[in-house]
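Following the hints, put chain S in place on chain W, whose structure we already have.
Each chain, written out:
Number of protein chains: 2
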Amino acid sequence: MNTLTSLIRSRFDPHSLNKEAALMAAGNGYAGIRATHEEDYTLQTRGMFCAGFYHRAGAQETTELVNLPDVVGMQIVINGEVFSLLSGTVLSLRRELHFASGELKRELIWLAPDGQRFAIESRRFLSARQLPCFAQRLSITPLSGPASVSIVTGIDATQTNAGRQHLDEMQVRVFDRRWLQGIYATQDGAHQLAITSHCQVSRAENVRFSAKNRRLMQHISASVERDATFTLEKISWIAVWLDGTGQGSDISKDGLEHLQGCVAQGYDALLEASVAAREMYWRRSRVKVSSRNPEDQQALDFALYQLFAMTPCHDARSSIAAKGLTGEGYKGHVFWDTEVFLLPFFLFTRPGVARQLLRYRWYNLAGAQEKAARSGYDGALFPWESARSGHEETPPFAAINIRTGVRQRVASALAEHHLVADIAWAVVQYYQVTHDGDFMTREGLDLLRETALFWLSRTTEANGRLELHDVIGPDEYTEHVNNNAFTNHMAHYNVAQALHYLRTWQACDAQFEARAEDFLTRLWLPQPDEQGVMAQDDSFMAKPAIDLTRYKAEAGTQAILHDYSRAEVNEMQILKQADVVMLAYLQPGTFTAAQLAANLAFYEPRTIHDSSLSKAIHGIVAARCGDAESSYRFWREGAQIDLGPDPHSCDDGIHAAATGAIWLGAVQGFAGLYVSDGELRLTPCLPEHWQAIDFPLVWQGQSLHFHITHDTVAVSADSRLPLTLWGKPVMVTGQHIFYRRDFCSSEPGSATTEGRA
Amino acid sequence: MNTLTSLIRSRFDPHSLNKEAALMAAGNGYAGIRATHEEDYTLQTRGMFCAGFYHRAGAQETTELVNLPDVVGMQIVINGEVFSLLSGTVLSLRRELHFASGELKRELIWLAPDGQRFAIESRRFLSARQLPCFAQRLSITPLSGPASVSIVTGIDATQTNAGRQHLDEMQVRVFDRRWLQGIYATQDGAHQLAITSHCQVSRAENVRFSAKNRRLMQHISASVERDATFTLEKISWIAVWLDGTGQGSDISKDGLEHLQGCVAQGYDALLEASVAAREMYWRRSRVKVSSRNPEDQQALDFALYQLFAMTPCHDARSSIAAKGLTGEGYKGHVFWDTEVFLLPFFLFTRPGVARQLLRYRWYNLAGAQEKAARSGYDGALFPWESARSGHEETPPFAAINIRTGVRQRVASALAEHHLVADIAWAVVQYYQVTHDGDFMTREGLDLLRETALFWLSRTTEANGRLELHDVIGPDEYTEHVNNNAFTNHMAHYNVAQALHYLRTWQACDAQFEARAEDFLTRLWLPQPDEQGVMAQDDSFMAKPAIDLTRYKAEAGTQAILHDYSRAEVNEMQILKQADVVMLAYLQPGTFTAAQLAANLAFYEPRTIHDSSLSKAIHGIVAARCGDAESSYRFWREGAQIDLGPDPHSCDDGIHAAATGAIWLGAVQGFAGLYVSDGELRLTPCLPEHWQAIDFPLVWQGQSLHFHITHDTVAVSADSRLPLTLWGKPVMVTGQHIFYRRDFCSSEPGSATTEGRA
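Quick mapping for you: the protein sequence lines, in order, are chains W and S.
Going letter by letter, the first sequence gives residues 1 to 757 in the UniProt record's numbering.
Going letter by letter, the second sequence gives residues 1 to 757 in the UniProt record's numbering.
Chain W with its partners taken away, still in its complex shape (with noise of 0.2 Å):
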């Protein structure tokens, strides 16, 4: 349990490239770079990522985050054949990533269709002390004989975003015939890139240089011995320069004298000083599990090394995009699932990190302002898909019909509004989490007045009542509706809390305290019937229900859209995730244990899961249930979202939320932490396949440890922890250990939550 698992593939196959490409991507939060093997293959997309880095190139085109030069490609020839995995034979394959170390390495035996037989080996890493750095190292045995190798590898600005090209090149240059540098603008002069790099060989007999359409390439040619290793490192310090700042800055001299020193360290020396860098994240963040399954540990490691490589923390103007930094899925655009999905990990890890993650939204509320008032609303209602303006991104005409040419605006943008509170429920949760009262002055409470002011300008007045008309809620099957049970109470929620901190903090007027009363007095909150099930929305109860089984066989494939136009999905009962239970995940307080089982039994079946975020959250849900197993069922088939079978799954990117969403399910479901009223909370609820878990926990300041057994709770605390465990409160210092029998008279698993709380 203490040594952190890898991804390894033992066969290459065409068919999983891409997606292999994005699950082992490096990554470190300011660059991310596919898993692209060296040698090119006809389907395999290439793709280097810079946080932040986006552009729009043309008038019809969506802002995207520029697939940048490629570093990676190395076409290699031996004995005059041009190296793939698809020609002679793969005698034997290993490739692996490493989550500890963040080193991605291929071994293999090649045949080569001459018979000839090849050691080759590469391997690979983004450091994680220098954020800019990437090196590469490969080397080529000859096992039968002496061979002739050649290599052409450099910076290849020929890629795209899907042909959509962002970048000028503005100069390309090799100094002392040996470092190579390409320097890039995006096509409006927004953000500028340099890339300098730099190959130290074995041994070679010639090397030259060529700059020709948009490649800069170095071509180098050696004889090797039978038995002998030609090695080729090559390093790389790629440098991006947003908003302007390369302006005045040598930003040549600057990329060279930092690879000079990279250099000089050598691919070793760097890799241990990233490694290094590592170990304090892990050390910080590791959950460990005892499972049968051994998946489960590998699951979260996996979750772990992702989140560390999505995550740009060394800018707050930057954020977490949807497929994080390992494809061009979503154009690289950011969602609530960074709040929802994303932030609650570091907010118990590294809380700082969370804290950037709202100042990205602190920064971008002019945007949102703009948005607001475009739309005919006061506050701040947050564009459903942002880059770096703050600005709305979403596509404008994703939606267009190729059949009928009827350009639609996508409806999210339109009326998918919960985000706004989203935003306002992670900003409580940081502030819960931390008690952190500098933020909240510096950021806080103008997220908190911004969003609130939204939800005051949102409503309808009908039924003699308040009330939000035409949104979407987080299920995007059902669309333009009134009263979707999530928005409203989390619209309620965030005047609530925004009413609550403005006026503990005396930044209050009167007149937003006046509105704000009004609201919360007067918003329809709709209610659990006498079933205890809680409508979606006014419209909801009264459409048909139809047996989605064949569809849920396929989640996550809209395969019903196959079937039925999406007018006719909107009538029916179907639901893309179920919008009342991610409001009882976010809001435990609003239901009775027994509520929260009858709107999990009544949603689920009606529920295809066809969202990447729905199984996470049903799991945890089950878990507050007390139904273990069905919460590990769905925290597994989750966890397969990207690491299933499926060889398309994430071509374009891992799913950063489903990511964030094992986290969540491990610490949230089956340890059941969460915040309420201020407090921590524990309600364990292991499934039968785990034995242990095993995690670090930054709450208010002081570092924590948990360790999580069927029967005990271990918890490790600097100075006086007030803690609520199975519902009951209790006090920690130092180490501690809880026997569940003494907080739960009943079955395992049968303790819940707010009902007793």
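Estimated spans, in silico, between C-beta atoms of each pair:
1. 689/S / 200/W: 48 to 58 Å
2. 269/S / 403/W: 21 to 31 Å
3. 293/S / 206/W: 33 to 43 Å
4. 206/W / 522/S: 49 to 59 Å
5. 221/S / 176/W: 54 to 64 Å
6. 264/S / 247/W: 51 to 61 Å
7. 314/S / 403/W: 25 to 35 Å
8. 269/S / 205/W: 54 to 64 Å
9. 567/S / 13/W: 47 to 57 Å
10. 463/S / 200/W: 55 to 65 Å
11. 403/W / 264/S: 17 to 27 Å
12. 221/S / 114/W: 30 to 40 Å
13. 221/S / 91/W: 27 to 37 Å
No farther apart than 25 Å at their CA atoms in a straight line, the calculated lysine to any residue pairs in the SDA-like style are these:
14. 212/W / 647/S
15. 212/S / 40/W
16. 212/S / 43/W
17. 212/S / 410/W
18. 552/S / 210/W
19. 288/S / 633/S
20. 253/S / 179/S
21. 288/W / 740/W
22. 543/W / 415/W
Hints in this document: simulated from the structure, not taken from any laboratory.
Think of the CB as a built atom: it goes at the ideal place given N, C-alpha and C, for glycine as much as any other residue.
Just chain S now, with coordinates in the frame of chain W:
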């Protein structure tokens, strides 16, 4: 000798993919489509180009012929295996381009990795009748058992010019679940493009469409019984709307209607119509040879196939790109190649096309005048590289030194001014061959006056005479010299002819007349020395010579520049091509027979032939010297520039000028045709390999036919035709056979031209 040859490949070699894609490209002067395989290969560069469809992708970029969205590509999956010639085993393969029909056909038997055999055939052509129509047919026959087949094909707008994207996607539609249409515009809005495609399949279980990431695709799947044949007929209408002509037109409807008309006809009928249109071309221009080397006829047929494919006869605002429409090389720009190497073929076979090519220059006079004025000269200084606007398109930084970072303007654009006189030469040639007074008054006189005015202002007073300083002749290895023989003589010719024709048409003002006469009197014309050798320029004879044997063996590769810098090459007697030999070709009257031989003997050892324009011209001049065997050797080597074994010789497009030179060498070299003082002259000099050459010709409106053997010249002419044969004037009416023995007393081949005329 009567059946047109074809180009056949019976082996698949990934190294020569791109060469073959250029050699076998489809073309009709309107569009060119590279002969890429349906399936993708990592090194394969797809390409579709339309004449005149240029765009500049950014301020740092050069205007280039846009690589348009691809329609050729098809992903073929059989029993779940992606078809590729690199997987499984190719049991037989034949790929054939029929020059007569322009149809490219590939037939193969594929043993799939699962052991099943399949016959796969694909055919395609660009219509010569309806220029925007491109038709493809794919058929798949399972030979071992039933099979599932799936095809994905459509319109792929992810194409770029080496990573540079030129097009905005304006609209993407599927009409009536059958007609795919993508409408694109250059990013500057100048040109529009509508591609409409339709697929007809023999059977399909499932058809769906997708539009994502600039790819509009049709997905077809079918089950096919053993020995049954699945066929897919894809017809595309590729309509370009240049210079804003698309505005106000319903280009969508236009594309649909035209395509519907084509689809109603079907592949076979469309092909038949296209072949009929091509037949006329071959009848009017085919050169037939009886040679011991069958590749000679193939080279001539190849050349004429490509001359048809590259020449935009439909649009006088477009001209012939240096690589035709077969690749991105030279960015699709137009050079002096057009006037000197390509125009003569059309002049003698389709003079209307030759006039179009000259009108292209006339339309672009404004740009040439602007460049002259900007450079401090009068008249018209045509751009060294020209696209559609008529402005200088030579990449400013092509010569950027990646080691020093120093950006040099390409010298050709600054000083390679002979182009101006070359255009005037073509004007005079055109008039002499056609006696087209309409052309002369509308365009010819303008071109002659403006080019002459340029030279009048280009002189330097030195040594008591007018000199031309700081020029570059055709030999680009010798830069910035004074009194380049080629340039001075051609400039003199230009002014003399302008004066002559302006006087003839009474379009000459006194001032021009006076300046021209002074120029003609006082311009220094380099003269042959006592050995008959003319110095290439003032400084040439003082430079040292070195042994070039090694570099001549690698002609065309510029290997000299690996050993010497450009500056060093400039200071030695090292020629890329020989200017004096080129002058001898264009102005035969400049030299006596003895001088001709002396210059060839002097310059050839000093010439590497690194220019693809070099060998053919040496060959023609050798023939004029009576050296048929040297001439033949040069001619064959010239034909090998594209057709030879080098697998990468024309990856980015065939050498248009070298293609034209295959015709020049046959007709102007071996048949010894040339025009002097307005007279048609023939001094045949067949190589030993050839028994006969046979070709049609248009001369001053009448159709002639020549059949030439070593001993005879058979001529047919409709009406009276004065002709100078082996230096003696003869008159032809109807059929006539002349015997060499009646003209030449001495050895065959010793008869020369101007020496006797």
